[in-house]
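Protein chains in written order, with our numbering: chain A, 8 to 381; chain B, 8 to 381.
Hints were generated in silico from the structure; no laboratory data involved.
Some hints here could point you the wrong way.
[Unchecked claim] Subject to a maximum C-alpha distance of 25 Å in a straight line, what follows is the list of computed DMTMM-like cross-link-like pairs (lysine to aspartate or glutamate):
1) B/Lys103 - B/Glu322
2) B/Lys184 - A/Asp190
3) A/Lys177 - B/Asp133
4) B/Lys217 - A/Glu130
5) A/Lys177 - B/Glu130
6) B/Lys177 - A/Asp133
7) B/Lys177 - A/Asp190
8) B/Lys177 - A/Glu18
9) B/Lys177 - A/Glu130
10) A/Lys177 - B/Asp128
11) A/Lys217 - B/Glu130
12) A/Lys177 - B/Glu18
13) A/Lys217 - B/Asp128
14) A/Lys177 - A/Asp65
15) B/Lys217 - A/Asp128
16) B/Lys217 - A/Asp133
17) A/Lys264 - A/Asp38
18) A/Lys247 - B/Glu130
19) A/Lys184 - B/Asp190
20) B/Lys247 - A/Glu130
[What the hints assert, rightly or not] Here are a few chain B residues that sit away from chain A, every Cβ distance over 10 Å (derived from the structure):
21) Asp74
22) Asp107
23) Glu153
24) Glu215
25) Ala347
26) Thr355
27) Ser359
28) Ala367
29) Arg380
Ideal Cβ placement from N, Cα and C applies to all residues, glycine included.
Number of protein chains: 2
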Amino acid sequence: MGPEFKVTPWEVSGDIDYDILVERFGTSHIDESLKDRLAGYGEMHPLLRRNVFYSHRDLPWLLDRYDKGQSFFMYTGRGPSGHTHLGHLMPWIFAKHLQDLFGANIYFQLTDDEKFLFRQDLELSDTRSMAYENALDFLALGFDPEKTRIILDTECIHSLYPLALKVSKKITFSTAKAVFGFDNSTNIGSIFYTSIQAAPCYLESDREGKQVPCLIPCGIDQDPHFRVARDVAPGLGYPKPALIYNKMFPGLEGGDKMSSSNPDATIYTTDKPKTVKRKVGKAFTGGCVSADEQREKGGNPEICAIFKYNYFLFEDDDSKLDELTARCRSGDILCGECKAELSAKINTFLESHQAKREEAREFIDQVSFDGFRW
Amino acid sequence: MGPEFKVTPWEVSGDIDYDILVERFGTSHIDESLKDRLAGYGEMHPLLRRNVFYSHRDLPWLLDRYDKGQSFFMYTGRGPSGHTHLGHLMPWIFAKHLQDLFGANIYFQLTDDEKFLFRQDLELSDTRSMAYENALDFLALGFDPEKTRIILDTECIHSLYPLALKVSKKITFSTAKAVFGFDNSTNIGSIFYTSIQAAPCYLESDREGKQVPCLIPCGIDQDPHFRVARDVAPGLGYPKPALIYNKMFPGLEGGDKMSSSNPDATIYTTDKPKTVKRKVGKAFTGGCVSADEQREKGGNPEICAIFKYNYFLFEDDDSKLDELTARCRSGDILCGECKAELSAKINTFLESHQAKREEAREFIDQVSFDGFRW
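Bound-form chain A, shown alone (with noise of 0.2 Å):
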C-alpha cells in the first residue's frame, strides 16, 4: 500500500507524492537531460528547472520529430466550474512559453459540458458563462491570436462530436470503471464525456489527413483521459498525444492543490488587492506561535504556503529565493513581513493581469475554434 492520496480529474486529496504518481500512473520524470534538451530551444523555464513540470509520456519522440522539421501543436483547456485561480494559470503559463518556444498552434478546450455533467449543483448556463471568463484569462496571457483557438465544448460539438464517436466506440464501460473509478450510479453522460476530452488530441491530423503529433502540458490529475485518449490513438490512424505534466498549485491553507471548494485559500484573478492581502493573511505558514520564538529558531520554509507561492509563480530569481529562505530558517524574517511582500508580488501580477483580461474581450470572438461567437 502506497501513501494514503487520491488524484483523478475530479478529485485530489491526501498528501501527495509525485515520485510515487508517476509510477501510478506509468509516466515517465523528466529527467536533467531532458530539461537541459528543452531548455536548447530557448531558455529554461523557472516551472521546469524547479520540476513543477516534473513528468512527462513521449516527449522525447515529440523533440525528435520536430528536430526533423514536424511541426505539432497543443491542446489543453479547462473545466469551467468557477473562476480562474493562480493554479489554473500556472500551466497555461508555461504552454505559452512552450508556444513561443516551438511556434506552435494551441487549442484551449473548455469543457462545460463536463462540469455540468460531474457537478450535480451546475446547470449548463452556469458552465458556460464561467468558460467564458476563464477564457479570458487564458487569453490575457499573451497567447498568439494567429495561432490560438478557443473550443468551448458545446459550441464546437460539431467537429468534436464525429471524433468523440470514434474514440467511444473504442472503450469499454470496463475500462472506463477502471481508469476513472466509476460505478453503476455513475451518469451515462459522465462515463461517455472522456471522449469529448479526447478529441482535440486528434484535430489537426484529422483536419490535414496526415499525422501531426499533439503536446498537451496540464496537471498530471488529467492523466486518466490522456492515458485512454493514448491507447485508443493508433487505431483510429492518429500519433498517441504526447504530454508534459505539471504538480498541483498547492492552496494558501497548506494543502497540495489549491481548490474552489476552500475560496478563502484559493486567489482568483478577479480578485482585488484587499481581498488578496486578506487571504495571503490567513494563510498557513512554517512560522512559530510567537514572533520571539521564530526569531530564535526560525521558521520552516519547507512546509509554507507562502514559500511554495514563490517557489511555483512568484521568484523566479534563485538568489533570491535561496536568500528568503535562509533569512525564513534563520528567523531574520518573519511571516508577516513575508506575507505583506507575497501579497504586493501578487497584486502587481494581478493589476496587469485583469487589465488585460479587459482587452480580451475585444479579440475573443477572433479566436474562437470554428467561428463561435460568445
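Could you slot chain B onto chain A? The hints should help.
Then chain B, alone, in the frame of chain A:
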C-alpha cells in the same frame, strides 16, 4: 417464463407475442374506442383498423390537449445502417397520415451516430451516406415540406447535444444496463447514445420555452429508448412524449421482422421489378407441397408472408382481403398466382415511389433541420 422472443432496439428474434410485449414493456393497447376516437379526426387508416398500430403511451392525454387547442409535434426516425425496406416505410406512411390529420410538424431523426456505434462493420461515412438514401424515402412519402425537418445526428449535434447532456445526467449506468441489456463490454458511446435519441422529444418545448407535447409513431422495438425519455422528462421540465407503436413488418421468409440481415427476404425501395419478382417468388407461403393437394385442401393465409404483405400494406380494401382469404382457404387461388399479384402491386408502388424519391433530391436541403447541407 413467457414465450421465447426478444425485442430490443437492436435485436428482434423469435415469434413475437405482441400482447405479451405490451405487458412486458408496460404500454397500453389501442382499444376500439381509442381507434374510433382517432378515426374521428379523419378517416380510419388501414394500419390502425387492422391493429398494425396497436399500442400506445399517453395518446388520450395528447388528444385531450389537442382537443383543447394545444398543438403537438411529431418525431420519428431511422437508424441508417442500410437501404430502406418496406418495413421502414410502414410507420412513416402512418406518420404522414397523422401529419395530414393534425397538421403537426414532424422531425425525422437519422441516427448515423447510433449505427456507427452499434455496428462494428460500419464507418461514419457509411451511415451518413445511407442516411441520405433513407431521407429520400421518407420525403418521397409526401410530407409537407413546411412542416417537416430532417435531423442528421452528426450534422445537427449542436442543437441536440445540450438536450442530450441534460438527459444523460439523469440516467445512471444501472438504468441503461437494465433497460438496454448493456454490460461491462459495451462501448461508452453506445451507453450514452439513448440521450441523443431522447433529445428530439423535447425540441419544440425547449425552443418555444413552453410545454409542447410530442407524439412518436414508431416500431414497438424502440420503446426502451422512449421509456427512458419519458422517465426523465418531468425532471427536465418537459412533457413526457406520447407514443403510438406498430408491430414489426414481416420478412418474406416468414419471420416476424423484415431484416436487412436476410436481403433476399427483404424488399428494398430501390429494388428493380425483376428483383421484386424473384424475391416474392421465393417467399414463404401457407401453401401445400403440390398444386393438386392445395386445390384440394386449400392454403393457410395465417402463416403466409404473401398474405401478410397484403394485410400490412398492399390490400387496403377489407372486402378484397376477405375474398383473397376465402379463395386461398378453398384452394381456388394457388401461391404462384398470389405471388404474381403481390409482385405487381409492389412494383406499381415502387415505380411511383422511386420517381418521388428522385424528386426529393431537389428539395432535401430545404427541409434540413438547422439548415445543414448534405
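So, going through the hints one by one against the coordinates:
no.: 1; hint: B/Lys103 - B/Glu322; result: 18 Å, holds
no.: 2; hint: B/Lys184 - A/Asp190; result: 12 Å, holds
no.: 3; hint: A/Lys177 - B/Asp133; result: 18 Å, holds
no.: 4; hint: B/Lys217 - A/Glu130; result: 19 Å, holds
no.: 5; hint: A/Lys177 - B/Glu130; result: 13 Å, holds
no.: 6; hint: B/Lys177 - A/Asp133; result: 18 Å, holds
no.: 7; hint: B/Lys177 - A/Asp190; result: 15 Å, holds
no.: 8; hint: B/Lys177 - A/Glu18; result: 22 Å, holds
no.: 9; hint: B/Lys177 - A/Glu130; result: 13 Å, holds
no.: 10; hint: A/Lys177 - B/Asp128; result: 13 Å, holds
no.: 11; hint: A/Lys217 - B/Glu130; result: 19 Å, holds
no.: 12; hint: A/Lys177 - B/Glu18; result: 22 Å, holds
no.: 13; hint: A/Lys217 - B/Asp128; result: 24 Å, holds
no.: 14; hint: A/Lys177 - A/Asp65; result: 22 Å, holds
no.: 15; hint: B/Lys217 - A/Asp128; result: 24 Å, holds
no.: 16; hint: B/Lys217 - A/Asp133; result: 21 Å, holds
no.: 17; hint: A/Lys264 - A/Asp38; result: 24 Å, holds
no.: 18; hint: A/Lys247 - B/Glu130; result: 21 Å, holds
no.: 19; hint: A/Lys184 - B/Asp190; result: 12 Å, holds
no.: 20; hint: B/Lys247 - A/Glu130; result: 21 Å, holds
no.: 21; hint: Asp74; result: 35 Å, holds
no.: 22; hint: Asp107; result: 34 Å, holds
no.: 23; hint: Glu153; result: 26 Å, holds
no.: 24; hint: Glu215; result: 18 Å, holds
no.: 25; hint: Ala347; result: 46 Å, holds
no.: 26; hint: Thr355; result: 41 Å, holds
no.: 27; hint: Ser359; result: 36 Å, holds
no.: 28; hint: Ala367; result: 25 Å, holds
no.: 29; hint: Arg380; result: 13 Å, holds
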